[in-house]
Amino acid sequence: MERVLLKNIENPNSADINEYLKIGGYKSLSKAFALQPKDIIEEIKKSGLRGRGGAGFPTGMKWSFADADPRSPKYLICNADEGEPGTFKDRILLERNPHLLIEGIVISGYALGAQEGFIYLRGEYPHAKDVLSRAIKQAYKNNYLGDNILGKGVRFHITVYQGAGAYICGEETALIESLEGKRGQPRSKPPFPVNVGAWGMPTIVNNVETLSNVPYIIDVGGEVYSRIGSKDCPGPKLYCVSGCVERPGVYELPMGTSLREIIYKHAGGIKGGRGLKAVFPGGISTPVLPGDKIDCPMDFVSMPKFDSMLGSGAVIVMDESVCMVKVALRSLRFFEHESCGKCVPCREGVEWLRKIVERIEYGKGREGDIELLSQVAETISGRTFCPLGDGAACMVLAMIKHFRYEFEEHIKNR
Amino acid sequence: MITITINGKDIILDEPMTILKAADVAGIKIPTLCHHELLEPYGGCRLCVVEVERMPKLQNACTLMAADGMVIRTESEVISKVRQDMLELLLINHPLDCPYCDKAGECELQDLVSKYGPTVGRYREEKRKVPESHEDRVFVRNMERCILCTRCVRMCSDVQGAGAISVVGRGGRSRIEPFSPTSFNCEYCGNCLTVCPVGAILSRPHLHSLRAWQIDREVETICPYCGVGCSFVVQVRDESIKRVIPRFGLGLNNGLLCSRGRFGYEFRECAERLTKPLIRIAPKNSQKSEVRSQKSNPPIPPLLKGGEGGLSEIFREASWTEALDIIAEKLKDIRDKYGGDAVAGIASPRCTNEDNYVFQKFMRIVCQTNNIDSISRLGFAPAERYFEDLLGQGITANTITGLKNSDAILILGGDPIAINPILGLSIRAGARSGAKVAVIGNTKGLAQMIQDKTLQIIPPLFKEAEVLESLLLEIFKVKGLRGERPAMDRMVGKLLEKPLKTEAQGLDELKDVLLKAGSISIIVGMDIVQRVNGHRALFAIAALTYLLEARLYLLSEKPNEQGLIDMGCLPDVLPGGRPLGIGDFRRRFENAWKGIIPEKDGLTLMEIIEMARNKKIKALYIMGENPLFNLPKGSYIKDALRSLDFLVVQDIFLTETAELADVVLPAMSWAEKDGTYTNLERRIQLLRKAVNRASGMEDWRIISEISGRMGYRMDYRSAQDIMEEIARLSPLYRDLSYDEIEKGDCLWPYKGEPLRGVISEIPFVVEGVHEYKGELYLAPEKVLFHSGTISRRSSALRKICPEPILKIGVHHAERLGLKEGDYVSVSTTEGSINVLVSIEETIKDNKVLLSNNFEGRGVLSLLNYSIDPITKAPAIEGMEVTIKRLKLQ
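Protein sequence lines correspond, in order, to chains G and A.
With this note's numbering, letter number 44 in the first sequence gets 169, and the count goes up by one each step, no holes.
With this note's numbering, letter number 234 in the second sequence gets 367, and the count goes up by one each step, no holes.
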């Protein structure tokens, strides 16, 4: 597959606007301005593009909701909070291909009738902030941003807004709260941000990777795009592989590539030739898969059929030397640390889960702990205000489902 | 029209609402914890989850709007399990302090767990420990009990608008903390305390005093502090008020209170309450009269104990009979010898309508004098008269809850948040929903509500009238005359031929805001009246009200200034606002009262003081007022009171004024008697007796007793009898009864006939233009935590604000080398006192502010005055002041 998102990535100056222009950058922008906004939304719909942040919501549908809302100003927010552990796909786009993102944002803004865009960048990416700031400056200079882009009377401005280290701010409503200067806590949905978003106005929140797909869709058209990857879930996808593999890194492959292929063909298989024990297919919020269940197409529609989720596409590979109880503990510590504290089940329940698993890991497990873990996880799951608590609960339940014997070992043999 | 099905029942909703509200409409109860009717829904406790057909997950009833066709179940096995689980999760870290926690018995968590919760918990880990972080004087905080429902935070930021507390930290480490580094340093309204469902925030005055079920009785009554007249519930045990709690749905304040109403009830039980009548034994001019001295921290005067020095050398205790006989005889004597004009009376805006009605009846019929006035002369009474003469009776009768619906709110002459806090909250609510707030002068409480900073206009020193006339001129240029009241149009036109003009930043913006706004409210504090040009400022305000069709509000520090006016405690007005000068009105009352009312108008307050000084007034009866402390130029007031032949003071404490009296009578105070108050909206409300007091008598009863001894029987058995008479006679309170008043909607004009008078022509007295070129001027400040002199006897309020504080702006503080917390001497030509200083960044002109609440250290004692010829109010402007830092002892 010819690279779309990571085109020119080997070029050390790929972030510079001149290098981007050399490979045909910003051509889609001109093309987009010749179209009507409604037509662009149609193309996105036709393309079948789904949000790359983890939820996989059809982007065209989201945009048409915003389009239907007559109020203005509308805002476009690029969610660059990339907080799911194991995920670094957006980072590479931000640090090495910022102009692709900028172009995508401006086209999207034009299609949505928004004149102001924000890039909500996680606080832990200072280098990306520098690169983005430089790239945005260059874009303004070359009239790809500003009050009269390309002299076509189109207005769009981008502000980079940095977060301060909160995973919860990757959730779109918590992100908007943070952007408004308030405590980063999710809001009730409905109303959805697409109608009542930033400062009460219609707001579209899209992931970095999602928006980076937009120039290509304009370039080749939605129909052509839809032929890449799976039928129900098309397009190129960045899979970031980490853990016990020979070649960890970001791989651009067609949506629906099998997990086995990603691990063994592209990432070089298990480091040191050991056996594969478990894989998180899309970050720790997705249910863990045992080593023998990796023949699944990695896309949004197929993965649920295989008892997991695509999530962010962050493949974390664990070999037979990894202790799953430890993994569960580290994951729970993460969720506990990141819980915003708004709702009772997540705030109290996740800490409880962590405490139990911690005891088990340090040899203080008790009989009945595993049942208790399941019960508490069931209490949390589906009852929380936002999916963070669900992520923690599902993680625990999947661990127990596939690696119960490890937990039992820890308890019995301390 | 939205039709939904809840638990099999079809409900039709006539407006959009959440499922929770819809269930309530259907009579179905859904448990909640983080939800509160005054607050926006939160959705954090997860207790209100319900099943909605075709929605995959359980949904929050408190946030989900009911949609047409929804089928909802609020009870099922799954839902019960969820409620049980959520409560179990809350209890894993919540300490089971019930036997020790004050909240037991009124704790929402307790109630929910007993109804929906598990009987056994499965948690076997360590409970979270939360270090106690703040020692506060009024609030007791126990963060281990906090369940992070955030009701307190949402109340403080969304309703109170003070934003003093917030959630810090994240997840399980979240805590609710105040922004200040030491104690709360907030407005101490206690509304967070009201909404806390558990024992995480408790009241220190009430701590460990009694259990919720040990109350003898609960009585709904009205607050004794300010002109808003909030309703609350007083909880009594052993004839002592243990606690004041608000109630949602009760009164115009709907469950919100301020620090005074919430925590200020202890004054009533203060040990210094007068219990027996006192008769003077020491001569008035003797040295021994000086009980109080200018110490830097004067204590509340010692109890009158037999034989112990001080007060027992000035007064002796007497029986009621003896005291009342002496008073009756003396008043009769002076009246017969010198005529009624030698007698005068000062009524009280803290006393009820019934008290004040009987007082003026006694003065008129029995003492044969119209020399009746009150402290309301300092602002409220003349301001209201002025506005009513120009714009008609009832022009200031506007509702506080309606205030927040204004498009623009203009405030001048005082800080609403400090004087009438609940009215201030209505302004904050208005600001949040888009009203433009503008202030002429200083404001602290509303500083954050003025979104556009240019809308705080700082007039040149004491020149509010100039600013107002400049504004009026600009408005007039655009709007022209209104045409509805020809006399008003004529006067406006005449004024604007030669207006006082001045430059002030922000006037242009203010003019634009006012011209663009649909509905405008103008809020007037009494500082405006206390100016040499006071009446001109009032005229300009009246003209602006007229041209802009605005609603007018008068701030009032006392609970019953309006009632006092309605009852006719004025030298030229009878009950119902009927002018004394009109024979028909006078005769009507003479017939009803079966006596003669003197024809001539009487003297106003400052004139009474002056005439006392000149020995033209020989007898003065003061009911519930402390003029020596509450009027400017204390030395002069003292001279005047000392010059009287006979001074009677009827009060609840031995005040500074009472110490100069010939006879002191102990009265019953708030909560010890029934009666009515009329608030600044002109709403009549009922105060109920809550405790039985062994000593003292109702003010009206004392007067009746004296009246009887002077040959005019007043046979009132109860306050209700008096109201019946008022309702028969006052054209404004026609047919009112306690039953009516209890229903809660007795707004002006009640059932009566408003006075439809002809607008009087009010002359303009063109005063010389005063220029204030001095460095620093002293001005009074009404503070939030104190009111008059009763609040100083409330230990909780004293804890919040233990002493008077001089407020000085940043620039002058720097110039004088002052730091926060320094002690300074404040000196004027009238005297000097020592106080603590505080740097107030919201003061933007050459003024320093001091309150008038603390004994021996009130600002009025340092101020001089002149009389405004039209309003007869004392003008207290232009007093230069010297501030010197004192070395610490």
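Possibly wrong hints are sitting among the right ones.
[As the list claims (entries may be wrong)] The calculated BS3-like cross-link candidates involving lysine-lysine, where the alpha carbons are at most 25 Å apart (straight line), are: (1) Lys489(G) x Lys260(A); (2) Lys451(G) x Lys171(G); (3) Lys260(A) x Lys480(G); (4) Lys417(A) x Lys489(G).
[Claimed, not checked] Only some residues are given here: those of chain G computed to face chain A with a beta carbon under 8 Å: (5) Tyr265; (6) Lys266; (7) Asn268; (8) Arg458; (9) His462; (10) Pro470; (11) Glu473; (12) Glu476; (13) Leu497; (14) Arg508; (15) Pro512.
I should point out that these hints are in silico values taken from the structure, not numbers from a laboratory.
For glycine and all other residues, C-beta sits at the position ideal for the given N, C-alpha and C.
Given hint Lys266(G) near chain A, where the shortest CB pair must fall under 8 Å
violated, 35 Å
With a cut-off of 8 Å, does the beta carbon of Pro512(G) approach a beta carbon of chain A closely enough for the hint to hold?
violated, 11 Å
Given the hint that Lys451(G) pairs with Lys171(G), test it: the Cα-Cα distance must not exceed 25 Å.
Judged against 25 Å, a Cα distance of about 44 Å means the pair is violated.
Holds or violated: Lys260(A) with Lys480(G), Cα cutoff 25 Å?
holds, 11 Å
Less than 8 Å between beta-carbons is the criterion; does Tyr265(G) satisfy it with respect to chain A?
Violated: closest Cβ of chain A sits about 31 Å from Tyr265(G), beyond 8 Å.
With a cut-off of 25 Å on the C-alpha distance, tell me whether Lys489(G) and Lys260(A) pass.
holds, 17 Å
Tell me if Leu497(G) is really an interface residue toward chain A, meaning its C-beta lies closer than 8 Å to one of theirs.
holds, 6 Å
Using Cβ atoms only, decide whether Glu473(G) comes closer than 8 Å to chain A, and label the hint accordingly.
Since chain A brings a Cβ to about 4 Å from Glu473(G), closer than 8 Å, the hint holds.
Holds or violated: is there a CB of chain A closer than 8 Å to the CB of Glu476(G)?
holds, 5 Å
Status of the hint placing Arg508(G) at chain A (closest C-beta pair under 8 Å)
holds, 6 Å
Regarding the hint that Pro470(G) lies at the interface with chain A, is the smallest CB-CB distance below 8 Å?
Hint on Pro470(G): holds, closest Cβ of chain A at ~6 Å, below 8 Å.
Under the criterion that the straight-line Cα-Cα distance not exceed 25 Å, is the pair Lys417(A), Lys489(G) satisfied?
Violated: Lys417(A) and Lys489(G) sit about 85 Å apart, past 25 Å.
The structure fails to meet hints 2, 4, 5, 6, 7, 8, 15 from the earlier list, while all remaining hints are met.
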